[in-house]
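Here the sequence shown is numbered in the working numbering, starting from 35 and rising by one per residue.
Hint data in this document are derived by calculation from the structure and do not stem from the laboratory. Incorrect hints may have been included.
[Stated by the list, open to error] Keeping only pairs whose Cα atoms sit at most 20 Å apart, straight-line, the calculated DMTMM-like set for lysine to aspartate or glutamate is:
| # | residue 1 | residue 2 |
| --- | --- | --- |
| 1 | Lys119 | Asp103 |
| 2 | Lys141 | Glu129 |
| 3 | Lys39 | Asp103 |
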Amino acid sequence: MKFAKVAQKLALWAGSPKTFMGAIILIFLWGLSGPIFHFNDTWQLIINTSTTIITFLMVFLIQNTQNRDTDILHLKVDELLRVTKEAQNAMLGLEALDLKQLEALRKQYRQLGEGQTISLDGTVVQEKGKQDLNEC
Numbered sequence: 035m036k037f038a039k040v041a042q043k044l045a046l047w048a049g050s051p052k053t054f055m056g057a058i059i060l061i062f063l064w065g066l067s068g069p070i071f072h073f074n075d076t077w078q079l080i081i082n083t084s085t086t087i088i089t090f091l092m093v094f095l096i097q098n099t100q101n102r103d104t105d106i107l108h109l110k111v112d113e114l115l116r117v118t119k120e121a122q123n124a125m126l127g128l129e130a131l132d133l134k135q136l137e138a139l140r141k142q143y144r145q146l147g148e149g150q151t152i153s154l155d156g157t158v159v160q161e162k163g164k165q166d167l168n169e170c
C-alpha cells in the first residue's frame, strides 16, 4: 500500500531529533516575531491554526503506525506461541474473544500467578498446580 509506505516514512521523519529541533526553532521564531506584529490576533491565529492542522494529521499518522506495530508484535508473539511446546495454544485466537471472555482469561492467569514466588535468578521457587488453558 502506498499510504502505509508514506505513513511509515513520515512517522520516521516526524519522530526524528532534527524534526523536533526544527519545530522548536519555528516556535522560537514565531515568538520573536510577536513584537513585529504587536502580538495581534492574526499572529496568534497563525500558530493556533498551524498546530491544530499538524496535530490533526499526526493523530492519523500515529494511529497507522501504532496499528502496524501492534500487528507485527501480535504476529511475533503468535509465532513464539506456535513453536513453544508448553505454550497454551488457546492464546493464538484471543482476537476472537469478547471483552468478558478476555477478562475471565485475565483473571485465570492472575490466579495462576498468585501462588508463585520467583527467585532473583528468575526460577520459580514455589508453584501451585498448573491449569491447562487449552480448554478455554
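Hints, one by one, checked against the model:
Proximity of lysine 119 to aspartate 103 is assessed by CA-CA distance (about 26 Å); at most 20 Å being required, the pair is judged violated. At roughly 17 Å between alpha-carbon atoms, lysine 141 and glutamate 129 fall within 20 Å of each other, so this suggested pair holds. Restraint check for lysine 39 and aspartate 103: satisfied, since their Cα atoms lie roughly 13 Å apart, inside the 20 Å limit.
This entry does not satisfy hint 1, going by the numbered hints stated previously; all others are met.
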